[in-house]
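Trainee: Spelled out from the first residue to the last, the chains are:
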Amino acid sequence: MASFAPFALSVVALLAPTGGEPPPPLTGADVARLHRELLPTRAEPWETIGWRVDLLAARDEAIRSKRPLFLWAMNGHPLGCV
Amino acid sequence: MLDRASSFADKDVIELLQRRFVPVALDVWYEERRQDAAGEFFRKVVFQREGLTPGRTTQGFYAFAPDGALLEGWNHRGVDRLKERLKAALDEWKPGAAAALTGAVDSRFDRTLPAGARIVEVRARITDAKWPEPEDEFRRIMQRATSLDHLWLLAEEIESLRAGRFPPALARRIARFHCIDNTRGEPPLWEPEEVVRCEVTLAPGTGRAKDATVDGVIALRSADGTRRYDARIGGSVEFTGDALARFDLAIRGTFAGGGEYTCHPPPGDFTLAIVFRLVAPAADGSLPAASRVPPQGARWLDDYLGRVAGR
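So the protein sequences, as listed, match chains A and B. Okay, so the first sequence: first residue is 1 according to this note's numbering, each after it adds one. Okay, so the second sequence: first residue is 1 according to this note's numbering, each after it adds one.
Chain A with its partners taken away, still in its complex shape (with noise of 0.2 Å):
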């Protein structure tokens, strides 16, 4: 009996998306398995730091609190784009 592996090659070798072909739709699957691989499920250790987003209320805090203030200050947010 002749093998059809050849013919499904050339099948899915035609179908393979080229420059500028959109990718084939994302099913469900791939979309909780994308999930599952990039978002995390618990806190992350830089997290747990408790990171304030507001100087002045910072400010604030540290003069009740007699603490000093550090300053992670980066162009893109530090805790969110870079």
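One should not assume that every hint holds.
For lysine-lysine, the following BS3-like pairs were computed, each having C-alpha atoms within a straight-line distance of at most 27 Å [what the hints assert, rightly or not]:
#, chain 1, residue 1, chain 2, residue 2
1, B, K44, B, K87
2, B, K87, A, K66
3, A, K66, B, K83
4, B, K44, A, K66
Reference listing, derived: stretches of chain B covered by chain A, where coverage requires no fewer than 3 residues with Cβ under 8 Å from a Cβ of chain A [unchecked claim]:
#, stretch
5, 45-57
6, 109-120
7, 154-164
8, 169-179
9, 214-220
10, 252-262
The hints are simulated quantities; they were obtained by calculation from the structure and are not laboratory data. Yeah, the Cβ is synthetic: ideal placement off N, Cα and C, and Gly gets one too.
Chain B: place on chain A using the hints.
Mentor: Frame of chain A, contents of chain B only:
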């Protein structure tokens, strides 16, 4: 993400910052520009750093007193340096008086979440690429990094979703401001004319009555021809009564190219995946600190919210 994954994952640093400092994180783009008490205080602190003159980036690390006196200031990452500088700051620190700072906020740089809007967590990662062997630990971290940003969903867009329609303005915001490779630094965003295709639909789901399925195609091309993204978007949206309960989307596609601040992209084509998940408030109604940070694209707020005609 380098510092999040290295210096600020160190347990000694975490304990020092939790117990001995009031830690604050800021985007210098706002603080360098705003003309109000917060901006003036920021500039007062940072320009005490040795070697920092106007025109140079103010990004870095600063330990300082509430009266604005700088204790330690530096701009080189590394956990050992961070620990050393934090301890030095504590040795120099003496509590003292500081006057209240008041005055109107510079509204040009106010980024309050619009009424009725919801915040969506956005994470991106390069999931398949022909990476070269990393030269050092920082390069290794970058190759595996997952970025973090947030999307704002406006009230009228939520209403549109509830009515069964994926609003075009939301699709364009996702394409222009969130289909970005921000895994290595601040990425270039997409101009309106660089959106070649952006078609996103919402169809009734086959599961529970109130969920709907998202499907769409996004194609982006930079004007200079150096950057492109061909992607598919999918996922589901669910309402409980009138309230948006889930906004679980994913985008996956082929990306090529980098940007001025996202150097060293993988060679050739690579797969960039992006996921979206609604941020849920805690039981007391509070939001995680990171989700209170405005989206990167919100620097250009009117454009980000789709309020500039023709963009």
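Trainee: Work down the list of hints and note, for each, if the structure agrees.
Mentor: Cross-check of the supplied hints:
1. B:K44 x B:K87: Answer holds: B:K44 to B:K87 is near 23 Å, not above 27 Å.
2. B:K87 x A:K66: holds (16 Å)
3. A:K66 x B:K83: The given pair, whose Cα atoms are some 20 Å apart, holds under the 27 Å limit.
4. B:K44 x A:K66: Given pair B:K44, A:K66 holds - Cα atoms ~20 Å apart, limit 27 Å.
5. 45-57: holds (count 3)
6. 109-120: Result for this restraint: violated, n = 0.
7. 154-164: It is violated, with 0 qualifying residues against the three required.
8. 169-179: violated (count 0)
9. 214-220: holds (count 3)
10. 252-262: Contact hint for the stretch 252-262 of chain B vs chain A: holds, 4 residues under 8 Å.
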